[in-house]
Amino acid sequence: WECIEAFSKTSLPVLWWVHDSRIGYENYLRYVLPETIGENILLYCGGDYAQKVITEYRPLYPASILLYGVEDFSSQIPKTVDRKYWNLPEDKMLFANIGQITQRKGQDILVKAIHLMPKEILQNCVFIFVGTVIDRGIYKSINELQEVYPQNIVYIKQMPYDLLKEFYRE
Numbered sequence: 002w003e004c005i006e007a008f009s010k011t012s013l014p015v016l017w018w019v020h021d022s023r024i025g026y027e028n029y030l031r032y033v034l035p036e037t038i039g040e041n042i043l044l045y046c047g048g049d050y051a052q053k054v055i056t057e058y059r060p061l062y063p064a065s066i067l068l069y070g071v072e073d074f075s076s077q078i079p080k081t082v083d084r085k086y087w088n089l090p091e092d093k094m095l096f097a098n099i100g101q102i103t104q105r106k107g108q109d110i111l112v113k114a115i116h117l118m119p120k121e122i123l124q125n126c127v128f129i130f131v132g133t134v135i136d137r138g139i140y141k142s143i144n145e146l147q148e149v150y151p152q153n154i155v156y157i158k159q160m161p162y163d164l165l166k167e168f169y170r171e
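So that you can map any letter, position 96 of the sequence shown is 97 in the numbering used here, and since no number is skipped, the others follow by simple counting.
It should be emphasised that the hints constitute simulated quantities derived from the structure, not laboratory data.
Misleading hints may appear alongside valid ones.
27 angstroms max Cα-Cα, derived DSSO-like pairs, lysine-lysine [stated by the list, open to error]:
| no. | residue 1 | residue 2 |
| --- | --- | --- |
| 1 | K158 | K106 |
| 2 | K106 | K93 |
| 3 | K106 | K120 |
| 4 | K93 | K141 |
| 5 | K93 | K10 |
| 6 | K93 | K53 |
| 7 | K106 | K10 |
| 8 | K120 | K85 |
| 9 | K158 | K85 |
| 10 | K93 | K80 |
| 11 | K158 | K141 |
| 12 | K106 | K141 |
| 13 | K158 | K93 |
| 14 | K93 | K113 |
| 15 | K120 | K141 |
| 16 | K158 | K113 |
| 17 | K141 | K113 |
| 18 | K53 | K10 |
| 19 | K80 | K158 |
| 20 | K10 | K80 |
| 21 | K106 | K53 |
| 22 | K166 | K85 |
| 23 | K85 | K141 |
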């Protein structure tokens, strides 16, 4: 936002892509974002949700949508590892939450949802949390869940990008 504020005073064309959640505006951005931006700033949002939120907090910003997608690289990745590499069973459905362990990534909500699942469904699933710990409370709740369901909950601190692509494929 500081760069956008500075660039707004120039004629340099700038593409600004935002994808912040509502909580980002409630807790911080609404207090620091300038009320208007220069005509040289082309503001794009990562989707309908991001556009709705920014226009709610900054109605004078002309916000368009610029969707992005991740190329389906699954068929292009050599299979050097498979589920066994991470000790993941072949006969269970895998669900992964990948990103820093923090409230805005929703692991706290996922942990609560897993606690509410019927045991017969839960036993056919493995939930994998991948990410560096930022919020110790959420990390503790993942560990506690893992103690209750050791065969169904996996925590992986982090992994290199090439390995992460193989993880996605699996």
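Status of each hint after checking the structure:
1. The suggested pairing of K158 with K106 holds, with an alpha-carbon distance near 15 angstroms, which does not exceed 27 angstroms.
2. With a CA separation close to 24 angstroms, the supplied pair K106 and K93 stays within the 27 angstroms bound.
3. For the hint linking K106 to K120, the alpha-carbon distance of about 25 angstroms falls within 27 angstroms, and the restraint holds.
4. Restraint check for K93 and K141: the C-alpha separation of about 25 angstroms stays at or below 27 angstroms, so the hint holds.
5. At most 27 angstroms may separate the alpha-carbon atoms for a hinted pair to count; K93 and K10 exceed this at roughly 56 angstroms.
6. About 38 angstroms separates the Cα atoms of K93 and K53, which puts this hinted pair outside 27 angstroms; it is violated.
7. The hinted pair formed by K106 and K10 fails the criterion: a straight-line CA distance of about 34 angstroms is larger than 27 angstroms.
8. For the hint pairing K120 with K85, the CA-to-CA distance comes to about 24 angstroms; that is within 27 angstroms, so the pair holds.
9. At roughly 17 angstroms between alpha-carbon atoms, K158 and K85 fall within 27 angstroms of each other, so this suggested pair holds.
10. Using a Cα cut-off of 27 angstroms, the hinted pair K93 and K80 holds, with the two alpha carbons roughly 20 angstroms apart.
11. Between K158 and K141, the direct Cα distance comes to roughly 13 angstroms. Compliance with the 27 angstroms bound is thereby established for this hinted pair.
12. Taken as a hint, the K106 and K141 pair is honoured in the structure, with Cα atoms around 15 angstroms apart against an allowance of 27 angstroms.
13. The straight-line distance between the Cα atoms of K158 and K93 is roughly 22 angstroms, inside the 27 angstroms bound, and the hint therefore holds.
14. Under the criterion of a C-alpha separation no larger than 27 angstroms, the hint pairing K93 with K113 is consistent with the structure, at around 20 angstroms.
15. The suggested pairing of K120 with K141 holds, with an alpha-carbon distance near 22 angstroms, which does not exceed 27 angstroms.
16. Taking the CA atoms of K158 and K113, the gap is near 21 angstroms; set against the 27 angstroms cutoff, the hint holds.
17. Distance hint between K141 and K113 is fulfilled; the C-alpha atoms sit about 13 angstroms from each other, no more than 27 angstroms.
18. The suggested pairing of K53 with K10 holds, with an alpha-carbon distance near 26 angstroms, which does not exceed 27 angstroms.
19. Taking the CA atoms of K80 and K158, the gap is about 22 angstroms. The hint holds against a cut of 27 angstroms.
20. For a cut-off of 27 angstroms, the pair hint linking K10 to K80 is broken: about 51 angstroms separates their Cα positions.
21. Between K106 and K53 the CA atoms are separated by roughly 19 angstroms; this keeps the pair inside 27 angstroms, and the hint holds.
22. At roughly 15 angstroms between alpha-carbon atoms, K166 and K85 fall within 27 angstroms of each other, so this suggested pair holds.
23. Proximity of K85 to K141 is assessed by CA-CA distance (about 26 angstroms); at most 27 angstroms being required, the pair is judged to hold.
Taken one by one, the earlier hints fail for this structure at numbers 5, 6, 7 and 20, listed in ascending order.
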